[in-house]
Amino acid sequence: MNILRFLQTVDRRVIYVLLMLSVTAPFFLSIRLPMRVSPATEAFYSAIEERQPGDFVLLAVDWEAGTRGENGPQTEAVITHLMRKKCRFAILSFAPQSPKLTQDIVERLGKEYHSVEGVDWINWGYKVDAKNYLKGFVRDIVGVVKTNNKTEPLTKFPVVMKGIKTASDIKLLVNITPSSVYQTYLQFVAGPLKVPMVVAPTSVMVPEVFNYLDSKQISGMMPGLPGAGEYEGKLGTNTKVTRFANSASFAHILIIFFIIMGNVAMLLERRQNARLGGRA
Amino acid sequence: MTNWLITNADKLTLWVGAICTIALYSALYKENRFYRLFEHIFLGLATGFLVAQTWTDVLLPKWWKPMWDEGRWYFVFIAIFGAFYYFIFSQKHSWISRIIIGFYLGVASGQAFQVYANDFWPQIQASFKPIIPHGAVTIAGKAVKALSPADAVNNIIFMVIVSCVMMYFFFSFEQKNPIVKSSAKLGRWMMMFTFGAIFGATIMARLALLIDRIDYLLNEFGAQVFGEASGPKIVFMMLLVLMGIVLYLAFKKDNTSPDEGT
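Chains R and Y supply the protein sequences, listed in that same order. Take the first sequence: its letter number 148 is residue 148 in this note's numbering, and every next letter is one higher. Numbering-wise, this note's numbering comes out as the position in the second sequence, counting from 1, plus 280.
The set of hints was computed from the structure by calculation and includes no laboratory data. Computed from a predicted model, the values in this text were never measured in an experiment. No false leads were mixed into what you were given.
In the DSS-like style, the derived pairs of lysine-lysine whose C-alpha atoms are separated by at most 27 Å in a straight line are: (1) R:K100 to Y:K345; (2) R:K194 to Y:K425; (3) R:K111 to R:K171; (4) R:K216 to Y:K425; (5) R:K171 to R:K100; (6) R:K100 to Y:K342; (7) R:K86 to R:K165; (8) Y:K422 to R:K194; (9) R:K146 to Y:K345; (10) Y:K342 to R:K131; (11) R:K194 to Y:K409; (12) Y:K345 to R:K162; (13) R:K240 to Y:K513; (14) R:K100 to R:K150; (15) R:K150 to Y:K345; (16) Y:K425 to R:K171.
Starting from the given sequences, assemble the full structure and let the hints guide the process.
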């Protein structure tokens with residue numbers, strides 16, 4: 001087969017195998033590619049860094065197992081930072097799997113940072129109908145949330161709930177999401193009450209979230225997995241996300257290589273056909 | 281049996297996770313029954329989880345307990361009112377469902393004003409950017425940051441692109457004027473760049489999910505099942521063999537088309 005034709009008709013399974021190799025092999029390499037912290041992640045970090053011990057942060061997590069690869073490390077980085085700063089925080093979710101997935105991370109990190117459920121943090125659990133829920137939530141948090149995820153009344157947790165009546169008492173809103181729920185928080189909580197808000201979206205959403213960052217409707221953004229890696233760099237934790245960056249870089253190089261080779265082969269073949277008098 | 285399950289629960293979980301991962305990625309070779317089975321298992325699990333979670337976190341504390349334990353009997357009307365939705369399946373009584381649909385349409389229309397005011401208005405405001413460099417000043421008691429020449433150039437680029445993209449969506453008259461025509465064309469090119477960026481970001485997101493699963497296979501499943509030191513390498517070897525089989529099948533002469541289903 002002509003090499004130019006071959007490059008345009010590579011079996012997709014061959015590409016998948018090469019992609020798999022380019023993702024897997026870097027796990028065994030000791031090299032670490034340099035990572036630069038973007039201004040968006042820097043602003044996200046500052047928004048939490050500026051908080052005082054005891055400040056109340058709403059941790060709105062809306063991801064499920066399907067996007068664990070990106071939102072999981074983001075959640076881990078944010079919770080580590082909140083626990084280091086000794087901020088109180090509440091978990092709230094409009095995705096059914098999120099409260100459990102986040103609780104697992106919080107419990108694991110809580111052992112390391114001596115953070116106690118019901119004192120330093122609370123899980124408000126899964127809620128439905130974001131718009132209507134948040135309409136009531138902003139005016140009367142205790143009356144609307146009522147219980148934690150174990151159906152215990154919020155009045156049982158006076159330490160973590162101290163001084164929290166309306167959404168104005170929230171010092172920072174952190175939304176970790178693979179969906180447009182961040183817009184609902186912006187429209188019904190952060191926008192009208194001027195509550196500072198930061199967003200950790202998946203990479204797919206990054207171009208659209210930049211609009212909100214540019215208009216200063218949100219204070220910072222942690223863009224997908226690369227953002228989580230940058231954040232870990234700031235925290236100095238360097239766990240698995242830093243390893244992930246190598247795999248992502250190698251895979252990107254492979255994809256770019258195939259895009260260039262495929263297009264170059266197509267152009268060369270067209271020129272060859274034109275020279276031979278065939279269809280260009 | 282129960283004791284064995286309890287003792288080996290952690291290892292079983294790891295094995296199930298690994299098998300599920302391989303099963304779902306097997307669709308990359310071609311559509312197959314193994315993949316379909318696990319896809320249905322995932323759908324069933326997610327739906328079951330949703331129903332259970334909605335009951336425990338929403339309906340039980342917010343509706344059932346107040347109605348049953350706190351004597352708020354009138355909460356029963358919420359269920360009746362909500363059940364109106366189901367009349368949509370009846371040709372004769374579908375008008376009943378329109379009552380509740382109309383109610384929600386009204387609520388949503390009212391909310392749309394707030395949505396617009398808090399979502400889009402600040403963005404429109406932020407689109408008006410200064411384009412002349414200046415030092416830090418105070419206007420009406422409000423401090424305004426200095427604008428460097430580089431920032432001014434950025435703002436000019438931003439304004440030009442916004443204008444061109446808006447021009448592209450201007451359909452009130454035929455775009456015959458050369459200025460209108462060329463700026464609309466530039467707007468279209470700019471949107472193409474944006475779509476490219478979105479597509480690139482999508483690839484990055486999907487890769488992140490793949491990397492997470494590979495990390496699970498190597499460093500969670502491999503390390504805990506086959507040992508911390510050699511486990512990841514053993515799983516890597518297994519993956520290499522799997523990749524070899526895929527390549528062999530892909531190049532086998534009598535292989536059916538990869539697009540053929542089972």
